[in-house]
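> Here is how the chains run, residue by residue.
Protein chains: 2
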Amino acid sequence: MVKDLMAKLDRAFNPRSVAVVGDSTKLDYMWLNAMRTFQGEVYSVQVNPKDIPHIQKLGFDNYHSLLDIPGPVDYVVLSVPRKVVPQIISDCIQKGVAGVSLFTSGFAETHTEDGLEYQQRLTAMAEGAGLVLIGPNCMGIYNRRLGLRQNPEQPVGEGGEVGFISQSGTHAVLLSLAGAYHGIKLSKSVSYGNAIVLDSPDYLEYMAQDPETRVIAMYIEGVKEGRRFFEVLRRAARAKPVVVWKGGRTEDGFRATSSHTAALAQSPQVWHALVKQCGAIQVDSFDSLLDTLKVLLHCKPTTGHNLALVAMSGGQSVAIADAFTEAGFRAPPLTETSYRELASFFDIIGGSYQNPFDIAWNVPSVEGVMKLIGIVDRDENIDGIVLEIGVFFLERRWREKWADNIAGLIDALARFKAQSRKPLLVVVVPTNREEAALELMARLGDKGIPGLPSFERGAVALRRVVDYYRARHALGQ
Amino acid sequence: MVKDLMAKLDRAFNPRSVAVVGDSTKLDYMWLNAMRTFQGEVYSVQVNPKDIPHIQKLGFDNYHSLLDIPGPVDYVVLSVPRKVVPQIISDCIQKGVAGVSLFTSGFAETHTEDGLEYQQRLTAMAEGAGLVLIGPNCMGIYNRRLGLRQNPEQPVGEGGEVGFISQSGTHAVLLSLAGAYHGIKLSKSVSYGNAIVLDSPDYLEYMAQDPETRVIAMYIEGVKEGRRFFEVLRRAARAKPVVVWKGGRTEDGFRATSSHTAALAQSPQVWHALVKQCGAIQVDSFDSLLDTLKVLLHCKPTTGHNLALVAMSGGQSVAIADAFTEAGFRAPPLTETSYRELASFFDIIGGSYQNPFDIAWNVPSVEGVMKLIGIVDRDENIDGIVLEIGVFFLERRWREKWADNIAGLIDALARFKAQSRKPLLVVVVPTNREEAALELMARLGDKGIPGLPSFERGAVALRRVVDYYRARHALGQ
Chain E
1 MVKDLMAKLD RAFNPRSVAV VGDSTKLDYM WLNAMRTFQG EVYSVQVNPK
51 DIPHIQKLGF DNYHSLLDIP GPVDYVVLSV PRKVVPQIIS DCIQKGVAGV
101 SLFTSGFAET HTEDGLEYQQ RLTAMAEGAG LVLIGPNCMG IYNRRLGLRQ
151 NPEQPVGEGG EVGFISQSGT HAVLLSLAGA YHGIKLSKSV SYGNAIVLDS
201 PDYLEYMAQD PETRVIAMYI EGVKEGRRFF EVLRRAARAK PVVVWKGGRT
251 EDGFRATSSH TAALAQSPQV WHALVKQCGA IQVDSFDSLL DTLKVLLHCK
301 PTTGHNLALV AMSGGQSVAI ADAFTEAGFR APPLTETSYR ELASFFDIIG
351 GSYQNPFDIA WNVPSVEGVM KLIGIVDRDE NIDGIVLEIG VFFLERRWRE
401 KWADNIAGLI DALARFKAQS RKPLLVVVVP TNREEAALEL MARLGDKGIP
451 GLPSFERGAV ALRRVVDYYR ARHALGQ
Chain X
1001 MVKDLMAKLD RAFNPRSVAV VGDSTKLDYM WLNAMRTFQG EVYSVQVNPK
1051 DIPHIQKLGF DNYHSLLDIP GPVDYVVLSV PRKVVPQIIS DCIQKGVAGV
1101 SLFTSGFAET HTEDGLEYQQ RLTAMAEGAG LVLIGPNCMG IYNRRLGLRQ
1151 NPEQPVGEGG EVGFISQSGT HAVLLSLAGA YHGIKLSKSV SYGNAIVLDS
1201 PDYLEYMAQD PETRVIAMYI EGVKEGRRFF EVLRRAARAK PVVVWKGGRT
1251 EDGFRATSSH TAALAQSPQV WHALVKQCGA IQVDSFDSLL DTLKVLLHCK
1301 PTTGHNLALV AMSGGQSVAI ADAFTEAGFR APPLTETSYR ELASFFDIIG
1351 GSYQNPFDIA WNVPSVEGVM KLIGIVDRDE NIDGIVLEIG VFFLERRWRE
1401 KWADNIAGLI DALARFKAQS RKPLLVVVVP TNREEAALEL MARLGDKGIP
1451 GLPSFERGAV ALRRVVDYYR ARHALGQ
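Chains E and X are the protein sequences, given in the same order.
The first sequence begins at 1 in the numbering used here and counts up one residue at a time.
The second sequence begins at 1001 in the numbering used here and counts up one residue at a time.
Okay, chain E solo, but in the shape it has when bound:
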């Protein structure tokens, strides 16, 4: 990307002033409401006399034209009928706006002559003027720290660590919202739709150099310049972990991307091989993206496959072992030292400490659980630890002490994580305590402990991340 465009994109991601053009009752003033938390200036542009009183009531200054706004405008969200778009884009260029996010849809993705013509005209205008045009058919930029949002419900405040580049607006918004349950905060995100001027490689270049962004996530339906994409991806993946979710891997999925963002076809096999060569991590669904980010952010890195698997009952000790072994891990025997220590207090009637563990009636206290975790942490046969927290099981064991004990356990796990070099993964098994499990997972996430909702999801996510560290290690990185 040319230097000038990169500077403008940086201005758009970190604006000091924002204008929303065309917000309306139909949209329930979604865009202006989304900007309520923005820390800089917010202007509204609307000419419909029916909408203006509502906008003023919401507390925003309204102008009839972008050109009437007194100060400079860094970033514009454009939500006007398709036929008006060229005029407003022309105003944006004249006003010296850095970036425009075009929410309006009805372009190439409709596969109509009209739609294509409009799209070509916009492309020419923006490229001619060096305007950072995001979209069309997108939700634009989210900057958590600045309170710049794509939706009125997105969280703001402390900056996050994940930069999300998403061709889909839904996925962009949903990841920022779902993250609250999982201890995942976004630094910035961009939903970029049809990608007529800037495309994924541009946003990837930006996120790769963005100091706030520690991990990059991508949802991609298609890329226009394949060679450039893979070059940029290779460089970005050297700088920080990049997780790529490709939408439209199947014939029917591709047809959907074509209606959605007019994406171009790519062979799934070739795509898969190239992304792998670049050193990026591949996922295939929203949940797998969430899980992988959680493990990347919150687990200590390891290239080892030998895990201590700690379950709370016999049936779960089998399930945890099958899930992690099928994902390529092992639950090896512990050292003699560990077994001696365990034998001194662990009652094997109804339980087992052979690895996988079946805690059963042992370790009924937080200290007991942590003692066991301490033993496997010191065990040289073990590279990482997976702990089941069975909500139903512990509620019965701990009874009236449940709330205190669970708070104590979370704190103890956080202290453990701070001093241990081994990855710790918690699997929160919900069963009939779904609400309690959700709350627990969110509380674990707040303390930087990854809580996964099933053995299988935990195993697959950990595997992806360990494979990533192994590949980097093999390259001497």
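Among the clues, some could well be false.
Claimed, not checked - Here are the simulated BS3-like pairs of lysine-lysine, each with C-alpha atoms no more than 27 Å apart in a straight line:
no., chain 1, residue 1, chain 2, residue 2
1, X, K1276, X, K1300
2, X, K1026, E, K401
3, X, K1026, E, K371
4, E, K26, X, K1401
5, X, K1401, E, K50
6, X, K1240, X, K1185
7, X, K1224, X, K1240
8, X, K1401, E, K401
9, X, K1401, E, K57
10, X, K1371, E, K26
Unchecked claim - Output of the computed footprint for chain X on chain E, the stretches with three or more beta carbons under 8 Å from beta carbons of chain X:
no., segment
11, 156-170
12, 176-190
13, 246-259
14, 272-286
15, 323-334
16, 377-384
As the list claims (entries may be wrong) - Each pair of labels, with its calculated beta carbon distance range:
no., chain 1, residue 1, chain 2, residue 2, range
17, E, V270, X, K1300, 54 to 60 Å
18, E, E117, X, G1448, 46 to 52 Å
19, X, H1272, E, H272, 25 to 31 Å
20, X, G1448, E, A442, 48 to 54 Å
21, E, V84, X, K1401, 26 to 32 Å
22, E, R378, X, G1408, 57 to 63 Å
23, X, Q1269, E, G226, 37 to 43 Å
Quick caveat, the hints were computed from the structure, so don't treat them as lab data.
All C-beta atoms in this analysis are idealised placements derived from N, C-alpha and C, irrespective of residue type, glycine included.
Could you slot chain X onto chain E? The hints should help.
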């Protein structure tokens, strides 16, 4: 199984009187509390003077010996120290008890000489007397309709349709509890641990002929008589769908089953092939068992692969198509008639009806959603329908009408299901509305509509069930 044992097993599954031997403060009187809902007589047997006042306070008659109980006893739960077990078993035989569930553990699964000796002695006693001995190291029988439980929190009342045969007590209890969120009610279940006298083929024979049980689920760690198991499985699978979850498929998982229920090794490949030959459905985790049961119980049968995939946004239309196509389904073009009808009201700016559907701003009412579903229901290119309910998305569309509309939608889907011959699957995408999604899934389940928590889980479960119907169809069944 010999006829006499089958009759005794039936008496144990449908007892008129129950005795709990050895419940204690240590267990928080779990067993007596579990029997509070039992509709017949419940007796306690306990000799410890510290426990007896608590038992009486709970409202149960306590006896010092099983032989002191005045009336007959059909089913006994035994929770006494290992060394006392032979004496009580001898009492059970003398009393003419039909079935005994032995909660006590510490037998072959400990891999100690002591444990093995005890187990051999019990086996000889029970077999000699023709006693239905369930376990040891198990939770015994659950009969929802009779209020006979394995745990004080299990639901009781109206009989369910799923009979669950589980070598693990945890999985037995968890499925009965989790079912409440998913519209799955168990008819009966048995947790049978080390299976020293009766084994899975015995319980399978029973469930196959049980008129209450419409679908059989199994969690198996190992079987003692492989040939008999597969013979019985083949016959059972002809009578009703049988879903089999094998625990200990991996080396480490097997080691866990060995510590758990002293299970014997089986080659996973051979097992897989034989279960398939028998016409049973195989799953590999608790969640996949849950999902598969839900689809079996609540979806109309089909052998077709062509689905209408209805998502609420562009990004989700791609995700739904990838998930279902990767599971072997197709989202084919609709008939010209359907397209004409859709074109008359569906705005393609921001949406698409090509299949997969991207509803976007279309069909904002319940009637609108049902109109669309009606069109694909009549479409001869379509074998089944998958509808995304995006909680976050619809809350924003429906705003203050959310509660009324969602209630109306559930009712309308239930009416649709009553008259349609095509399977309907709902995927409830939770995101930041996890609690609302859980509630919605449970409400759908109550109306017999399968709600799955992700496209991927829905796709895999539907695939398993369609494969099952295809296999039956191929056999002319």
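> For each hint, tell me whether it holds in the structure or not.
Results of checking the hints against the structure:
no., hint, verdict
1, X/K1276 with X/K1300, "holds (22 Å)"
2, X/K1026 with E/K401, "holds (16 Å)"
3, X/K1026 with E/K371, "holds (23 Å)"
4, E/K26 with X/K1401, "holds (16 Å)"
5, X/K1401 with E/K50, "holds (24 Å)"
6, X/K1240 with X/K1185, "holds (16 Å)"
7, X/K1224 with X/K1240, "holds (23 Å)"
8, X/K1401 with E/K401, "violated (41 Å)"
9, X/K1401 with E/K57, "holds (24 Å)"
10, X/K1371 with E/K26, "holds (23 Å)"
11, 156-170, "holds (count 5)"
12, 176-190, "holds (count 4)"
13, 246-259, "holds (count 11)"
14, 272-286, "holds (count 3)"
15, 323-334, "holds (count 6)"
16, 377-384, "violated (count 0)"
17, E/V270 with X/K1300: 54 to 60 Å, "violated (39 Å)"
18, E/E117 with X/G1448: 46 to 52 Å, "holds (50 Å)"
19, X/H1272 with E/H272: 25 to 31 Å, "holds (27 Å)"
20, X/G1448 with E/A442: 48 to 54 Å, "violated (32 Å)"
21, E/V84 with X/K1401: 26 to 32 Å, "holds (30 Å)"
22, E/R378 with X/G1408: 57 to 63 Å, "holds (59 Å)"
23, X/Q1269 with E/G226: 37 to 43 Å, "holds (40 Å)"
When each numbered hint is compared with the structure, violations occur for hints 8, 16, 17 and 20.
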